[in-house]
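S.K.: The lines below spell out each chain.
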Amino acid sequence: MSDAFIKTIELVVNRAPVVDRVEPRTSLADFLREQRMLCGTNIGCEQGVCGACTIDVDGVPTRSCITPAISCAGSAVRTIEGFDDDAIMNELRAAFSAEHALQCGYCTPGMLMTARDIVTRLPDADDARVRLELSGNLCRCTGYVGIVRAIRRVLDARRARAAAPLAAAAATA
Amino acid sequence: MKAATYDYAKPLTCDEAIALIVPTGGMGKFVSGSQSLGPMMNLRLAQPEMLVDLRGIAALRACRIEGETVTLGACLTHAQIEDGKVETGTRGLMEYVARGIAYRAVRNRGTLGGSLAHADPAADWINTMCALDAQFLVAGPGGARVIDGGDWMAGAFTTALEADEILTGVRFARLSPTARWSYYKFNRKPGEFAEAIAVFIDDAARGVCRAVIGAIDAPPFAIDDARDLLRDANPQTSCFDAHLEAAGIEAGSYEHEVHRVALVRAAAAIRNQDGKAP
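Quick mapping for you: the protein sequence lines, in order, are chains A and B. Number 96 in the numbering used here belongs to position 105 of the first sequence; there are no gaps in the numbering. Number 238 in the numbering used here belongs to position 233 of the second sequence; there are no gaps in the numbering.
For the record, the hints were derived by calculation from the structure and aren't laboratory data. As the structure is a prediction and not an experimental result, all values here were calculated from the model. Where a beta carbon is used, it is the ideal one built from N, C-alpha and C, also for glycine. Among these hints, one or two may not hold up.
Here are the simulated lysine-lysine pairs, BS3-like style, with alpha carbons at most 30 Å apart [to be verified]: (1) A:-2 / B:7; (2) A:-2 / B:90; (3) B:34 / A:-2.
Label-pair restraints from in silico Cβ distances [what the hints assert, rightly or not]: (4) A:88 / B:74: 40 to 46 Å; (5) B:74 / A:134: 47 to 53 Å; (6) B:193 / A:136: 18 to 24 Å; (7) B:211 / A:89: 52 to 58 Å; (8) B:27 / A:10: 57 to 63 Å.
In silico negatives: residues of chain A with every beta carbon more than 12 Å from chain B [stated by the list, open to error]: (9) 73; (10) 124; (11) 155.
Based on the sequences and whatever the hints tell you, model everything.
M.R.: Spelled out as structure tokens, the structure:
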């Protein structure tokens, strides 16, 4: 690290407060992987196209390869490692496994981030919308059919659960 | 690749930001979402010595509608526009356009002003602002100034903005309640930069019928009077080619085909709105 421009930043990473020193040119992805040893975030293209590095910054999916770590001072960052106890992410993980939505797994952390965004932000998404929203995450081995099916499975299950109490109420009425 | 080394500051006012950039003698750059500059720096196409982050400046997020004039702050993100977090006064045009910019993760951070200052001819806002005939609001060491839409872009990736000036926002006339618009973008994959863009704004109440031929490796080509395009339902025997030629697109080329398709489809989308709300 060349010292000239190094600055100290404070941020929250996976719910833990972090104080660290960064070069301004260090991307958020490199900061997480090389300084915080959080290697679940993968780096693909480093130009914001492939989506492999997508993580959660302040509650929304963000490209960590083209976002400098220093610009995230004061933010809450959540990587794939920070979603171990997340109910939606666990449902998505099970669905990805059931639908064979990964092969080499390189795109998977980013795919899961986008998938979680689709499930929470667009609960009524049809397959065409799921595909459109996934257009920013490239998979080069499994293909997209299994990934779309996995997201479909979680959307359908959540819809069914949301409708179940209504159906039960209608039955007793 | 990784970005070359640079210094970084995140001031709270435009004056502070300008004071930070002036001493860099043109080697510093303002940045907001870094969704265009970030890739360029990683590819080392851009190697600024200093980045001055504008996202801490609250004034750059201010939006207002006064009378018939809409002012939008430069640091609005595409996602905020997509989600209708601000009133754009464009009857859904900007919300629609925002949804088609890159991908949600990029839209969460990329900004209106950043895209306009980057001035990629194939980007969405530069063409949308041309259709809206927007003015560009600028702050610099000598104070504030307003740049007319037609003077904003000198060429691909080149604007009238000086190195020590900040694009603070855009200003345009609110569309009237009966205005119609259409936006057609041709790209092979959703989220890519466009190969062709066509925009129509038909606002008879304000006497505006304007179209834009965009993504042409040059500033957007504005058609100030686009009524002929909306009247002519037969693109094979029509005035479409005359406008494409005026925009400098060579007849018979691939570019001519995709731009014509975009223009024809955008015109058809307006015509199909006849008698109903857009």
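S.K.: Take the C-beta atom of residue 74 (chain B) and the C-beta atom of residue 134 (chain A), compute their distance, and say whether it sits inside 47 to 53 Å.
M.R.: holds, 50 Å
S.K.: Given the proposed pairing of residue -2 (chain A) with residue 90 (chain B), does the C-alpha separation stay at or below 30 Å?
M.R.: The given pair, whose Cα atoms are some 34 Å apart, is violated under the 30 Å limit.
S.K.: Just to be careful, I want the Cα atoms of residue 34 (chain B) and residue -2 (chain A) compared with a cutoff of 30 Å; is the pair within it?
M.R.: holds, 19 Å
S.K.: Check the non-interface label on residue 73 (chain A): least C-beta distance to chain B beyond 12 Å or not.
M.R.: Check passes; 17 Å lies beyond 12 Å.
S.K.: Per the hint of 18 to 24 Å, is the separation of the Cβ atoms of residue 193 (chain B) and residue 136 (chain A) within bounds?
M.R.: Roughly 20 Å apart at Cβ, these two residues keep to the hinted range, so it holds.
S.K.: Are the Cα atoms of residue -2 (chain A) and residue 7 (chain B) separated by 30 Å or less?
M.R.: Status holds; Cα separation ~18 Å.
S.K.: A range of 57 to 63 Å was offered for this pair. Does it hold for the Cβ distance of residue 27 (chain B) and residue 10 (chain A)?
M.R.: violated, 32 Å
S.K.: In terms of Cβ atoms, is chain B entirely out of 12 Å range of residue 155 (chain A)?
M.R.: At about 29 Å from chain B, residue 155 (chain A) clears the 12 Å cut-off, so the statement holds.
S.K.: Starting from the range 40 to 46 Å, see whether the pair residue 88 (chain A) and residue 74 (chain B) falls in it by beta-carbon distance.
M.R.: violated, 54 Å
S.K.: Say whether it holds or is violated: residue 124 (chain A) keeps its Cβ farther than 12 Å from all Cβ of chain B.
M.R.: violated, 6 Å
S.K.: Could you tell me whether the CB distance from residue 211 (chain B) to residue 89 (chain A) stays inside 52 to 58 Å?
M.R.: holds, 56 Å
Figure legend: structure checked against the earlier numbered hints; hints not met, in rising order: 2, 4, 8 and 10.
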